[in-house]
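Construct the entire structure; sequences and hints are all you get.
In case you want the letters, here they are:
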Amino acid sequence: MRSSRGWYPVSLSGGLDAGRSAGTRLFDKEFVIWRDADGAAHVWEDRCPHRGMRLSFGFVRGNHIACIYHGWQYDSNGHCQFIPSHPALSVPSSIRVATHPCVERLGIVWVYSDSNVTTPPELALDTGEVTSVRSLYIDRAPATVLDYLEPRSENVGADAVTLLSLDAEGQRLLVAVQPFGVEKTALHIVLPTKPNAHQAEARRAAALWAEDLRRHLEEETILTSEPTAPATYEAAP
Amino acid sequence: MTELTLYDYELDEHCYKVRLLLGVLAHPHNKVPVDVHPGREHRSTRYLRLNPLGTLPILTEGDAVLYGAEAILAYLARKYDAARAWLPDEPMTIGQVMQWLVFAVSDLRVASVARSHSLMGREADEAFIERAARHAFRHMDDHMTKCEFDGALWFVGRAPTIADIALFPAFALSRDFGVDHDEYPALRRWMARMRKIPGFVTMPGIPAYH
Numbered sequence: 202m203r204s205s206r207g208w209y210p211v212s213l214s215g216g217l218d219a220g221r222s223a224g225t226r227l228f229d230k231e232f233v234i235w236r237d238a239d240g241a242a243h244v245w246e247d248r249c250p251h252r253g254m255r256l257s258f259g260f261v262r263g264n265h266i267a268c269i270y271h272g273w274q275y276d277s278n279g280h281c282q283f284i285p286s287h288p289a290l291s292v293p294s295s296i297r298v299a300t301h302p303c304v305e306r307l308g309i310v311w312v313y314s315d316s317n318v319t320t321p322p323e324l325a326l327d328t329g330e331v332t333s334v335r336s337l338y339i340d341r342a343p344a345t346v347l348d349y350l351e352p353r354s355e356n357v358g359a360d361a362v363t364l365l366s367l368d369a370e371g372q373r374l375l376v377a378v379q380p381f382g383v384e385k386t387a388l389h390i391v392l393p394t395k396p397n398a399h400q401a402e403a404r405r406a407a408a409l410w411a412e413d414l415r416r417h418l419e420e421e422t423i424l425t426s427e428p429t430a431p432a433t434y435e436a437a438p
Numbered sequence: 005m006t007e008l009t010l011y012d013y014e015l016d017e018h019c020y021k022v023r024l025l026l027g028v029l030a031h032p033h034n035k036v037p038v039d040v041h042p043g044r045e046h047r048s049t050r051y052l053r054l055n056p057l058g059t060l061p062i063l064t065e066g067d068a069v070l071y072g073a074e075a076i077l078a079y080l081a082r083k084y085d086a087a088r089a090w091l092p093d094e095p096m097t098i099g100q101v102m103q104w105l106v107f108a109v110s111d112l113r114v115a116s117v118a119r120s121h122s123l124m125g126r127e128a129d130e131a132f133i134e135r136a137a138r139h140a141f142r143h144m145d146d147h148m149t150k151c152e153f154d155g156a157l158w159f160v161g162r163a164p165t166i167a168d169i170a171l172f173p174a175f176a177l178s179r180d181f182g183v184d185h186d187e188y189p190a191l192r193r194w195m196a197r198m199r200k201i202p203g204f205v206t207m208p209g210i211p212a213y214h
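These protein sequences, in sequence, are chains A and B. Counting in our numbering, the first sequence runs from 202 upward without gaps. Counting in our numbering, the second sequence runs from 5 upward without gaps.
For the record, the hints were derived by calculation from the structure and aren't laboratory data. Just to be clear, a hint being listed does not mean it is correct.
[To be verified] With a cut-off of at most 25 Å between alpha-carbon atoms, the simulated SDA-like pairs for lysine to any residue come out as follows:
#1 A:K385 / A:E419
#2 A:K385 / B:R138
#3 B:K150 / A:R306
#4 B:K150 / A:T394
#5 A:K395 / A:E419
#6 A:K385 / B:E134
#7 B:K200 / A:G272
#8 B:K150 / A:D218
#9 B:K150 / A:P396
#10 B:K83 / B:L29
#11 B:K200 / B:E134
#12 A:K385 / B:R179
#13 B:K200 / A:N356
#14 A:K230 / B:R138
#15 B:K150 / B:K83
#16 B:K150 / A:G215
#17 B:K200 / A:N264
#18 B:K200 / A:G215
#19 B:K200 / A:G240
#20 A:K385 / B:H139
#21 B:K150 / A:A403
#22 A:K230 / B:R135
#23 B:K150 / A:A219
#24 A:K395 / A:S366
#25 B:K200 / A:R262
#26 B:K200 / A:A242
#27 A:K230 / B:R142
#28 A:K385 / A:N356
#29 B:K150 / A:E370
#30 B:K150 / A:G224
#31 B:K150 / A:A369
#32 A:K230 / B:R193
#33 B:K150 / A:A406
#34 B:K150 / A:W410
#35 B:K150 / A:R415
Laid out in structure tokens, this is it:
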């Protein structure tokens with residue numbers, strides 16, 4: 202999976218509560234994902250323009266995200282609106298974070314790979330209701346994961362979007378593939394059915410399938426040796 | 005004046021577990037700061053007589069001495085939590101709490117090693133401890149992911165227990181040793197819930213907000 206311009210999945214919608222932020226990566230580039238108080242999701246470059254601190258370490262207040270380093274606050278368009286050490290300053294509009302187009306479809310947050318694009322191509326995906334299962338992080342290259350999954354599934358994504366539909370544990374799953382980094386792939390897994398009260402078992406079965414898949418792909422190294430450090434857990438050496 | 009005394013080092017995540025439980029129980033106690041760094045006071049005769057292993061936290065009450073955070077959590081929960089919420093009586097619940105307490109001092113202990121390696125320069129095999137810490141966090145994230153399907157938001161049962169307290173600082177402080185929270189969405193949500201428990205206390209590296 203080569204880095205190319207397009208829409209990529211970065212999170213399950215349900216996993217990102219209003220007022221929360223999280224970090225993620227696409228092709229090893231760092232992004233912050235956050236949801237404002239009104240429920241809108243945002244995906245930006247994960248850098249405060251002030252000192253380069255990761256904004257995903259920061260915190261959301263209302264419809265702003267603040268850097269944990271010096272508290273610079275950015276509105277939902279990425280413009281810095283407030284600098285605590287200069288409270289009277291009207292912040293120049295040039296101080297802004299690189300933002301990316303972002304939409305939510307099929308219970309998944311999708312980001313467009315180019316920043317500061319005002320009119321990206323439409324993400325041609327169904328808007329149907331789904332039930333989320335989980336995001337799965339696999340310590341393997343996206344190509345390795347796709348080599349395994351593609352022969353076992355149908356790509357129901359449009360254009361360059363990889364959205365796999367497959368049978369697992371006797372049920373249909375949708376799997377969106379996030380090329381996280383050189384040696385890491387994230388899968389965002391949903392059931393293509395409306396949420397209802399009786400889905401705990403179906404979600405659990407899909408989650409167990411996902412754990413098996415990760416174990417298989419990683420041929421998980423069993424940790425056989427004990428940690429090399431001494432047995433006490435003192436705070437100082 | 006209470007007899008309960010905690011021998012404490014502010015930067016030690018194991019001492020923090022005890023401070024956190026005492027905080028949510030709002031139980032009065034004396035706190036004696038121990039000059040671990042740079043004083044190595046925890047390795048002085050005075051403290052080695054209390055705990056020959058030379059670790060903190062240490063809890064004393066009258067003549068009784070307890071060391072090891074998990075043992076102290078169990079004692080405090082049984083004695084000072086009248087509601088029996090933090091260490092419930094139901095046998096399987098006790099078994100599950102014990103399972104996670106043992107995990108906290110076995111598989112998860114590499115996180116403490118990684119942190120003191122990173123902050124204090126303690127000797128360690130860096131690649132091994134990072135891999136092992138990530139392996140432990142993944143196990144926790146898989147567990148919490150499945151708990152959430154049943155609407156269960158804590159490691160054991162329907163309410164927070166001392167298992168949550170024993171597991172919390174290793175993950176909350178993992179950025180101290182370079183492990184991001186990106187790959188553990190269920191643990192991020194659990195961490196946010198932990199911060200909302202009435203009586204929650206902070207430590208350096210674990211702010212109240214996020």
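Going through the hints against the structure:
1. A:K385 / A:E419: OK: K385 of chain A and E419 of chain A at ~11 Å, within 25 Å.
2. A:K385 / B:R138: It holds: about 13 Å lies between the C-alpha atoms, which stays within 25 Å.
3. B:K150 / A:R306: Holds - the C-alpha atoms of R306 of chain A and K150 of chain B are around 23 Å apart, at most 25 Å.
4. B:K150 / A:T394: With Cα atoms ~19 Å apart, K150 of chain B and T394 of chain A stay inside 25 Å; holds.
5. A:K395 / A:E419: Given that 25 Å is the threshold and the Cα spacing comes to 32 Å, the pair is violated.
6. A:K385 / B:E134: holds, 16 Å
7. B:K200 / A:G272: Holds. K200 of chain B to G272 of chain A sits at ~22 Å (cutoff 25 Å).
8. B:K150 / A:D218: holds, 18 Å
9. B:K150 / A:P396: holds, 16 Å
10. B:K83 / B:L29: holds, 11 Å
11. B:K200 / B:E134: Measuring from Cα to Cα gives roughly 29 Å; hence the hint is violated.
12. A:K385 / B:R179: holds, 19 Å
13. B:K200 / A:N356: violated, 42 Å
14. A:K230 / B:R138: With a Cα-Cα distance of about 20 Å, the restraint between K230 of chain A and R138 of chain B holds, given a limit of 25 Å.
15. B:K150 / B:K83: Between K150 of chain B and K83 of chain B the Cα gap is close to 32 Å, so the pair fails against 25 Å, i.e. violated.
16. B:K150 / A:G215: holds, 14 Å
17. B:K200 / A:N264: holds, 21 Å
18. B:K200 / A:G215: holds, 20 Å
19. B:K200 / A:G240: holds, 20 Å
20. A:K385 / B:H139: Satisfied, since the Cα-Cα distance of roughly 15 Å is no more than 25 Å.
21. B:K150 / A:A403: holds, 11 Å
22. A:K230 / B:R135: Holds, at roughly 21 Å.
23. B:K150 / A:A219: Roughly 22 Å between the alpha carbons, so the hint for K150 of chain B and A219 of chain A holds.
24. A:K395 / A:S366: With a Cα-Cα distance of about 16 Å, the restraint between K395 of chain A and S366 of chain A holds, given a limit of 25 Å.
25. B:K200 / A:R262: It holds: about 16 Å lies between the C-alpha atoms, which stays within 25 Å.
26. B:K200 / A:A242: Distance ~23 Å between K200 of chain B and A242 of chain A Cα, so the pair holds.
27. A:K230 / B:R142: holds, 22 Å
28. A:K385 / A:N356: With Cα atoms ~21 Å apart, K385 of chain A and N356 of chain A stay inside 25 Å; holds.
29. B:K150 / A:E370: holds, 16 Å
30. B:K150 / A:G224: holds, 22 Å
31. B:K150 / A:A369: Answer holds: K150 of chain B to A369 of chain A is near 17 Å, not above 25 Å.
32. A:K230 / B:R193: The hint holds at about 23 Å.
33. B:K150 / A:A406: Given pair K150 of chain B, A406 of chain A holds - Cα atoms ~10 Å apart, limit 25 Å.
34. B:K150 / A:W410: holds, 12 Å
35. B:K150 / A:R415: holds, 16 Å
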